[in-house]
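Trainee: Heads up: the sequence lines are chains A and R, in that order.
Take the first sequence: its position 57, counted from the start at 1, is 57 in our numbering, and no numbers get skipped.
Take the second sequence: its position 102, counted from the start at 1, is 102 in our numbering, and no numbers get skipped.
It is worth saying that the hints were derived from the structure and are not from the lab.
Treat the numbers as computed from the prediction; the structure is a model and nothing was measured.
Using N, Cα and C, we set each Cβ at its ideal position, and we do this for glycine too.
Mixed in with the good hints there might be a few duds.
[To be verified] Quick partial rundown of chain R residues pointing at chain A, CB under 8 Å, derived from the structure:
#, residue
1, 42
2, 45
3, 88
4, 92
5, 97
6, 101
7, 102
8, 104
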Amino acid sequence: EAQVTQNPRYLITVTGKKLTVTCSQNMNHEYMSWYRQDPGLGLRQIYYSMNVEVTDKGDVPEGYKVSRKEKRNFPLILESPSPNQTSLYFCASSPTGGVEGSTGELFFGEGSRLTVL
Amino acid sequence: GEDVEQSLFLSVREGDSSVINCTYTDSSSTYLYWYKQEPGAGLQLLTYIFSNMDMKQDQRLTVLLNKKDKHLSLRIADTQTGDSAIYFCAENKKGTYKYIFGTGTRLKVLA
Chain A
1 EAQVTQNPRY LITVTGKKLT VTCSQNMNHE YMSWYRQDPG LGLRQIYYSM
51 NVEVTDKGDV PEGYKVSRKE KRNFPLILES PSPNQTSLYF CASSPTGGVE
101 GSTGELFFGE GSRLTVL
Chain R
1 GEDVEQSLFL SVREGDSSVI NCTYTDSSST YLYWYKQEPG AGLQLLTYIF
51 SNMDMKQDQR LTVLLNKKDK HLSLRIADTQ TGDSAIYFCA ENKKGTYKYI
101 FGTGTRLKVL A
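Build the full structure now, drawing on both the sequences and the hints.
Mentor: Rendered as structure tokens:
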């Protein structure tokens with residue numbers, strides 16, 4: 001089954017304790033991205049990756065890191081989480097990310113709800 | 001700015017039509033999308049429209065695009081309780097890998 005898998009789905013942590021949210025897709029998509037969803041703010045893009053070893057900042061990258069060492073995986077790293085990073089996080093992938101000739105449809109994971117105390 | 005705006009809530013009776021509106025800011029966007037988010041789940045693409053189109057119909061869904069006013073709407077005919085969800089409009093900025101999502105409209109369908 002074609003899917004985007006995120007782990008963990010739920011996490012409660014404390015300020016400053018490094019954590020990683022994993023994302024894996026089995027559709028051989030070139031493009032992957034991370035979003036956070038907050039009430040009244042919709043989805044905001046954190047980072048995206050156009051292909052292996054190619055990443056770029058979205059609109060709210062502060063406090064986050066990413067890496068793309070393999071095509072299927074795109075982990076989101078919070079080196080020193082703070083309470084303002086409490087949010088619902090979504091990973092998404094797309095065949096080519098919306099460049100010319102592609103509809104740019106995004107396929108989303110089920111989300112990871114993170115609470116930072 | 002790069003805001004995509006939507007009203008936050010919409011309530012309709014089962015069987016009525018729902019119209020969800022969105023205004024976007026980037027006239028160069030190539031594709032505009034409507035995504036549906038059911039409780040506890042990720043977003044799923046409902047439909048999309050290419051920027052050179054004015055209208056697209058897909059079964060109960062009708063998308064209207066007014067490029068002059070930068071206005072996008074989604075009409076759901078014969079709304080059912082299963083349509084209760086959050087609906088997001090989104091734009092893909094032409095030639096980039098950036099997607100801008102709206103704030104989402106929570107649709108509640110009353111039986």
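Trainee: Does each hint hold? Answer for all of them.
Mentor: Quick rundown of the hints versus the structure:
1. 42: Hint holds; residue 42 of chain R Cβ to chain A Cβ min 3 Å, cut 8 Å.
2. 45: 5 Å, holds
3. 88: 6 Å, holds
4. 92: 4 Å, holds
5. 97: Holds - the Cβ of residue 97 of chain R comes within 8 Å of chain A, reaching about 4 Å at its closest.
6. 101: 4 Å, holds
7. 102: The hint holds - residue 102 of chain R has a Cβ within 8 Å of chain A, the shortest such distance being about 5 Å.
8. 104: Holds: closest Cβ of chain A sits about 5 Å from residue 104 of chain R, inside 8 Å.
When each numbered hint is compared with the structure, no violation occurs for any of them.
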